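> If you want the building blocks of each chain, they are given just below.
There are 2 protein chains.
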Amino acid sequence: MNSTEYSVDLRDIQFVQKELLGVQKLVDYEPFGEFSEEDFDMVLREGSKFAESVFATVNKIGDEQGSNLENGDVVTPEGFKETWRQYVENGWLGITGNPRFGGQGLPLSVAIGVMESLYGSNPALYTVLMLTAGAAGLINGFGDEQQKTAYCEKMLNGTWSGTMCLSESGAGSAVGDITTKAFKAGDGGHYLIKGTKQWISGGDHDMAENIIHMVLARVEGAPAGPKGISMFIVPKFRLDGTGQPGASNNVTTVRLEHKLGIKASPTAVLEFGGSGDCHGYLLEAENHGLAQMFKLMNEARLTIAYQGLGIASGAYRNALAYAREREQGIPIEQGKEQGAERVAIVHHPDVRNMLMTMKALVEGLRGLIYAVAYYNDLAHHGPEESRGRYQDLVDILIPVAKNAGADQGFEAVRLGMQVLGGVGYTEEFPLAQALRDTKIASIYEGTSGIQALDLVTRKLGMRGGELFQELLEEMKDVTPEKAKAPSVRQAIEHWQDSLEKLKLTVASVKNLAEELGPREAVFNATDITVFFGDVTCSYYLLKSALLAESRLEEIAAGNGDAREVAQDNEEARFYFNKIKTAEHYVFQILPRALSVAAKVQSRNFAALEAVL
Amino acid sequence: MNSTEYSVDLRDIQFVQKELLGVQKLVDYEPFGEFSEEDFDMVLREGSKFAESVFATVNKIGDEQGSNLENGDVVTPEGFKETWRQYVENGWLGITGNPRFGGQGLPLSVAIGVMESLYGSNPALYTVLMLTAGAAGLINGFGDEQQKTAYCEKMLNGTWSGTMCLSESGAGSAVGDITTKAFKAGDGGHYLIKGTKQWISGGDHDMAENIIHMVLARVEGAPAGPKGISMFIVPKFRLDGTGQPGASNNVTTVRLEHKLGIKASPTAVLEFGGSGDCHGYLLEAENHGLAQMFKLMNEARLTIAYQGLGIASGAYRNALAYAREREQGIPIEQGKEQGAERVAIVHHPDVRNMLMTMKALVEGLRGLIYAVAYYNDLAHHGPEESRGRYQDLVDILIPVAKNAGADQGFEAVRLGMQVLGGVGYTEEFPLAQALRDTKIASIYEGTSGIQALDLVTRKLGMRGGELFQELLEEMKDVTPEKAKAPSVRQAIEHWQDSLEKLKLTVASVKNLAEELGPREAVFNATDITVFFGDVTCSYYLLKSALLAESRLEEIAAGNGDAREVAQDNEEARFYFNKIKTAEHYVFQILPRALSVAAKVQSRNFAALEAVL
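Chain order of the listed sequences is L and G.
If you count by this note's numbering, then the first sequence holds residues 1 to 612, one letter each, in order.
If you count by this note's numbering, then the second sequence holds residues 1 to 612, one letter each, in order.
For reference, chain L alone in the conformation it holds in the complex (with noise of 0.2 Å):
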């Protein structure tokens, strides 16, 4: 671990897998039976290593460099394609992949502790990956036999990419306004492609031998808005009578998006059937497109919440070993003493203060986003009688853990800039490009307003509540009973009051609702998604302190003081530290939450009012 390299938490990785979640009990769950618990350890140990050696040496040159559109062509910076073919070679492309089409098959829990890692040391390239995949999984799950034999295992292993083509100039965040076209053509096998789509990620590349977007477009005669979209496969290259890439498909790139961050992610412009000469090839049937989408709709956010945790938790540890490098100033306990020595400036209060802020947001998020990933495999693999309440579960955090992981990642990073100082404002120290990268998280795949709106006026509304009633179930395993320390137990008390103001503030929300009308009730929603992930992640933290307290106090019985034992064992430092980051994220972070709750129980909606 030092200041300029990216380096991988493993041992908290390890405690939320193991300790606070259990994910290795998921192999008494079909289909995950083949696996064990010395094959979870081993994905992470590899992954991890991988990220670190391979992964993230290209992370800078891709930013220096960046993609370039030259002839027609998309060209990626030095390095991409050699760590492509390592990617692919290793089988991380495929890890939660379909093992029919060569994917490895593992549960989502515990690829996440590879995937968060591989995200957040080479942000723009695995973007594209990730894309891939997502791609591959949309033709696994809807497409025909004959489709899925095409696609999926060239996808899975890296020779094809993938691609998602949903945005055009006039349709964003209303995605149900696209207006790219498709004509069936005459001899009913595809139809024939027409428009334009932008904010394509890894719209074109020289790393595959051929890539398959994935394109949302409106069959001619196809009912108006989002009813009337159809998903259809359209390879750079149609497939020859071997399944070979062949003949140009005139799928055009018309430019690349200069971009704040993630440069070597490709963003294309791409024209379909410029000529009037693009095959598309239907998947499952007209007018599924929304709802197909909506499906992976998910497992993409759930994405785009660990590429904030990746990032952030590669950023907390660059400041955290350059605050304890670098020399600055003398204690403040020590005044103006005369000959008092110079320190490292983890040792100043507002240094620590930071350092822990920063610590807290990543590992809070580590927590709400494990547990989400968690419940989607229960949801899909558990037990039949409780994948109903998983599923719920999923569906109310994914849009709290995307926006946590957009919003408190970014916040992580720019702390950490805060921590180097001047360094951290060079393109020398990681932060820089960090901060850059990161940004990206709160506006693409959904906007956080979008997210909030999903939470505020679906997810909660949703059979009378039930999700949330389901969440603060989950929840009642945090009690001060179960606490040794005072501090701890007054944490887990100030953490229940806070629960208690969410749940009055979402009362309000349908109260504002019923009352004022539907403006006034999403006025405040992006804050009451960061109300949720505030309250979520205490609690994932809470929980790992009641756990930490009890693994501390074995390894310390009889040797004294908790803090004491903590500067010499590791494992005790972990624990202890551990129960310090809880007590800090409830004491000096949560409390937004009491702000959320006021602004909400103001009523005031001057910013309705204004002219603008």
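In short, the hints are calculated from the structure, not lab data.
Owing to the predicted nature of the structure, the values given are computational and were not obtained by experimental measurement.
One should not assume that every hint holds.
The list cannot tell twin chains apart, which means a pair is met if one copy fits it or any two copies do.
Calculated lysine to any residue pairs in the SDA-like style (CA-CA distance at most 20 Å, straight line) [stated by the list, open to error]:
id, residue 1, residue 2
1, Lys227, Gln334
2, Lys501, Ala598
3, Lys49, Ile332
4, Lys227, Gly339
5, Lys510, Gln334
6, Lys484, Arg603
7, Lys510, Ile332
8, Lys510, Gly335
9, Lys148, Phe237
10, Lys227, Gln328
11, Lys60, His258
Given the structure of chain L, go ahead and fit chain G onto it with the hints provided.
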């Protein structure tokens, strides 16, 4: 006003200067007796035009090309030399400078109306120019007659530029640790300077004929620490017998930093006396260096505050223009009605919330920062009997304004990017550069943490807390009874509650220092500085709202509902929105004050206990 170009909020600047503060009253005081209100108006008008039509036009190219070190010399971006020339020919560099040396001698609170926009429209270029004015001010303030004659005029007319050379690799926040040495030369007329300085903005460039470095160094045998620091004038080229730049003075540009933003501002590592032949000329007397620095510091820190303001103001106007023109989605109040028309996104509650938050942050900052500039003018040139009081207000508010400018400015830009969505993340729109450029504000001229320590450990303690009492006294003129609308009255009451919480928080810090120690007392210093910022910004906005209520009543008299009148009448709209802006700040931003109070109240110091 559009979504891609910088535009000045002339109407709001006029409001703050003339209606809120009444800076035109300064013509009653020496040395402003020769100015008229019309002069002030003209300066604002012309300066704003210059910012928009000259400064802003080379901002993007400056970012793209940056300043580069080529064969030992720094080359600035295309158009920078010409822009520098126009700037100084128009007299903007000496806008507050001593008229004896060609300065215009305008009050700071008048000049700031222009300086905000100059900094906002081209932060990189303005950084170099602003430091030149600062260096000239130091020589004007502390130099002998010969030094003043030799340097001040040429610096104020921009023939030469200036820098401040404080930091070294081992001495950043702890400036007392500098090691650069000064040896008295045999003849007694100069010193030989030896050492390496870094983070020198404008350290070298090609826009001026000479560069006058103000260098902090330690004379051989001087006391250790801050008390042994002296200030030297160190020109890049020594002056020959005719006062023109002559022989090279052995100042070498070692490298330029590669920064996240303000890329056109050359941030240099400078080596002084690498060959043992660098002449420095003592300013005033040995060991006065730090005291001289501190006298300059207040103004320099206010400069950073209006950097944040100027960039954020431009970002708000870009975002508002975009939100008015970008159509996306249908109104939520129309639900899924068939045939609902798409609307501009400014209509959506979440977007309005973000825009009004940007507006409130910007206008709150403008009130606070311009007030500090006005207090500063009165402290130096106002009625003798109140000068001390105004100096106290300046002293307590400078760290508050610096942090608020830096952090609220950054937050406003971040929100602006969110309003624009995907396009905001591209470098085609100005938000990306604005985000990168403005990030430096929390780091340079003393990090946010350093400002917070200044407020909490020095300013709040001075003379038994008298400065804080004077600030409270100053804010007593905003009372609920003065409000006309119930919403404004409630806002004032709500603000008064927060003010009470601030008093309690300040008292808590004192108790913490006595009961637990200095580490605990400063633990939340940065948060407390935010609290001060929020309460003071609210004050200036509420005072503005009271004024606006009267003006609006005059305009709307007998014409019906204020909001109706505001639709068509531009002046009415300005005042109506000003009232709503104050309400929005108090009910949607100020609540974070609750969170600070809770953090301090918790007395949890887990971050100090953790073993990091």
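> In ascending order, which of the hints set out earlier in this document are inconsistent with the structure?
Number 3 - this is the single hint that the structure violates.
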